[in-house]
Amino acid sequence: MSYLSILNLAAPETIMVMTALAVLAADLLFMRELERGTRQLIGAMIGCAGCLAAVAWMLVLPLPEPGSLMQGLFLVDPLIRIVKVALLALTIFTVLISMEADFTQHIGEYFALILFAAIGMMFLVSTEDILMIFISLELTSLSLYILTAFNKRNIKSAEAALKYFLFGGMAAAFTLFGLSLLYGISGSTNLAEIAKAVSGKSVNGLDPLLIAAIVLTVIGFGFKVAAVPFHLWAPDAYEGAPIPSAAFIASGSKVASFFVFAKVMMIGFKGAEGSGSLQAWMPGWVPTLAVVAAASMVLGNLAAIAQSSVRRLLAYSAIAHAGYVLLAVMAVPSPLAPHTSPLGPLVYYVITYGLTTLGAFAVVSNVQQRTGGDRLSDFAGLARRAPLLSFCMLIFMLSLAGIPPLAGFFGKFYVFTAALSSGGKSLGLLWLVILAVAMSAVSLYYYLLVLKQIYIMPSTDQDTPRPLSIGSQAIVFALAALVLILGCAPGLILEPVMSAIKVAGL
Amino acid sequence: MTIGLNHYLVVSIMLFCVGLFGVIVRRNLLVIYMGLELMLNAANLALVAFSRFNDNLDGQVFVFFIITVAAAEVAVGLALIVALYRKRQTVHAEDLTTLRL
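These protein sequence lines are chains A and B, in that order.
Taking this note's numbering, the leading residue of the first sequence gets 1, the next gets one more, and so forth.
Taking this note's numbering, the leading residue of the second sequence gets 1, the next gets one more, and so forth.
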């Protein structure tokens with residue numbers, strides 16, 4: 001394989017690396033003298049241009065032969081492309097949200113780190129090799145830690161970053177130890193090779209080494225996707241981080257982590273599924289995830305009710321949503337219905353969820369710029385001051401709660417259907433789906449609490465607030481429109497994803 | 001007695017547990033970092049041992065990458081401690097109490 005074809009396969013990532021370096025260089029060499037606003041505008045423009053170029057490369061140019069480099073170290077297929085395009089779209093929106101931010105003078109570094117995190121996510125979704133998974137996971141995480149600490153004036157920012165770092169570092173060590181055991185079992189770093197060894201080991205009962213590997217890997221990825229009991233960093237990071245960073249952690253990083261989590265479980269641990277059905281409980285990774293998912297849904301939704309900060313509320317809602325998405329990860333196609341891959345619902349769910357949270361964070365950012373806080377009471381009377389913004393928040397909150405015809409409803413619908421159909425006629429995961437539906441009803445309560453503040457409570461601030469900029473409102477409208485359109489026409493994502501899954505043979 | 005794979009694994013698991021214990025119990029952030037490093041190095045030891053007994057070199061290549069990543073991780077971690085210290089004049093985990101419910 002020549003270098004030119006390697007470059008052809010990895011072109012989007014190459015473009016992104018060049019863009020990140022260009023942002024750094026431009027800020028360092030030419031823009032020291034300019035005002036902060038101008039530097040921010042130029043940096044964001046370069047970043048967006050790079051992301052758009054990478055998207056255009058993937059959408060416009062025909063797909064090169066779906067290929068892999070060095071035995072699965074780097075893969076390109078239509079499904080991965082779709083996820084990458086979604087990641088880049090989320091990156092673009094994050095960059096646009098950060099244009100309004102005024103917490104730092106280090107513009108070049110900030111945008112470059114967002115782009116580096118995005119590069120890490122892109123590599124993360126396009127590999128089936130545990131070495132690459134670990135390295136790109138760390139590239140993403142390290143960039144996100146720094147992004148969390150970026151507001152040096154705010155005392156909360158450094159503390160949140162440190163907590164995120166400590167939990168993340170521990171998660172990385174757990175993941176790594178699990179992956180090293182997998183390497184030991186199979187003698188290979190490739191997921192497909194690992195699967196062969198795993199299914200050989202699990203013929204008569206599970207090997208203790210394999211059980212340890214499953215548990216350690218689940219712990220590691222559980223931290224990454226903020227599932228209970230590994231969720232402790234999420235509320236602090238969401239509250240303390242600068243808003244664009246928090247939005248990126250909540251959206252882009254979740255999309256990439258869930259995709260690779262599902263891939264590791266479905267491909268790497270194929271043959272060690274076990275069973276999570278209540279009647280026929282069998283050890284394996286499905287029951288492990290079932291417990292984690294149930295705990296996430298219950299604790300996330302109940303703890304969210306007690307929050308008074310909207311960002312913490314979004315964090316606990318993210319924990320609850322992690323529980324729902326894990327349902328899709330568990331929905332392994334049964335031998336009876338092999339053509340219903342749960343990856344389709346999963347990808348649809350995480351993409352629409354990412355867009356919705358990003359939008360909610362954009363609204364919070366707007367409110368915080370005007371009132372200086374993100375408490376629930378800061379939202380009081382928002383409908384009178386900014387009716388359009390409030391309507392967008394209404395869309396985001398109802399979508400998160402899963403009200404039709406918004407994207408969140410169809411995401412949940414497809415995920416629950418996939419979980420139900422996975423066990424064939426026995427409906428093994430029925431208890432989890434029932435729990436998930438009940439918990440969705442609970443979640444409606446705290447989303448409505450936010451809306452009650454916005455639409456019913458009288459406004460509390462006396463002084464005339466700063467007017468909203470057109471740009472930041474436009475981003476919110478665009479995101480709200482996307483949530484609405486994807487809800488009305490879920491096929492826009494689902495159909496390409498399904499045909500891509502058929503091509504990939506997953 | 002010949003030293004087999006299991007001996008290496010036991011040592012590696014013990015290292016991992018010592019590291020984890022340090023992270024959970026110790027209060028000084030710098031010592032917690034040492035615990036994290038110990039956990040990563042436990043994985044390194046396991047990988048090298050597996051590599052030796054599986055007769056392929058993938059594991060050792062993996063270790064080189066991990067050492068590099070661990071160095072980057074410490075750099076970021078120390079930078080975060082410095083950022084916190086400038087604000088708070090503390091490196092103790094129990095002082096991280098600004099963010100509460």
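What the hints contain is simulated information worked out from the structure, not anything from laboratory work.
Incorrect hints may appear among the rest.
As the list claims (entries may be wrong) - Per the computed footprint, the stretches of chain B lying under chain A, defined by three or more beta-carbons under 8 Å from a beta-carbon of chain A, are:
id	segment
1	15–25
2	36–43
3	63–73
What the hints assert, rightly or not - Calculated lysine-lysine pairs in the PhoX-like style (CA-CA distance at most 25 Å, straight line):
id	chain 1	residue 1	chain 2	residue 2
4	B	Lys-87	A	Lys-196
5	B	Lys-87	A	Lys-452
6	A	Lys-270	A	Lys-452
Glycine is no exception: its CB is placed at the ideal position from the N, C-alpha and C atoms.
| message | Name the hints, by number, that the structure is in violation of. | response | 4, 5, 6
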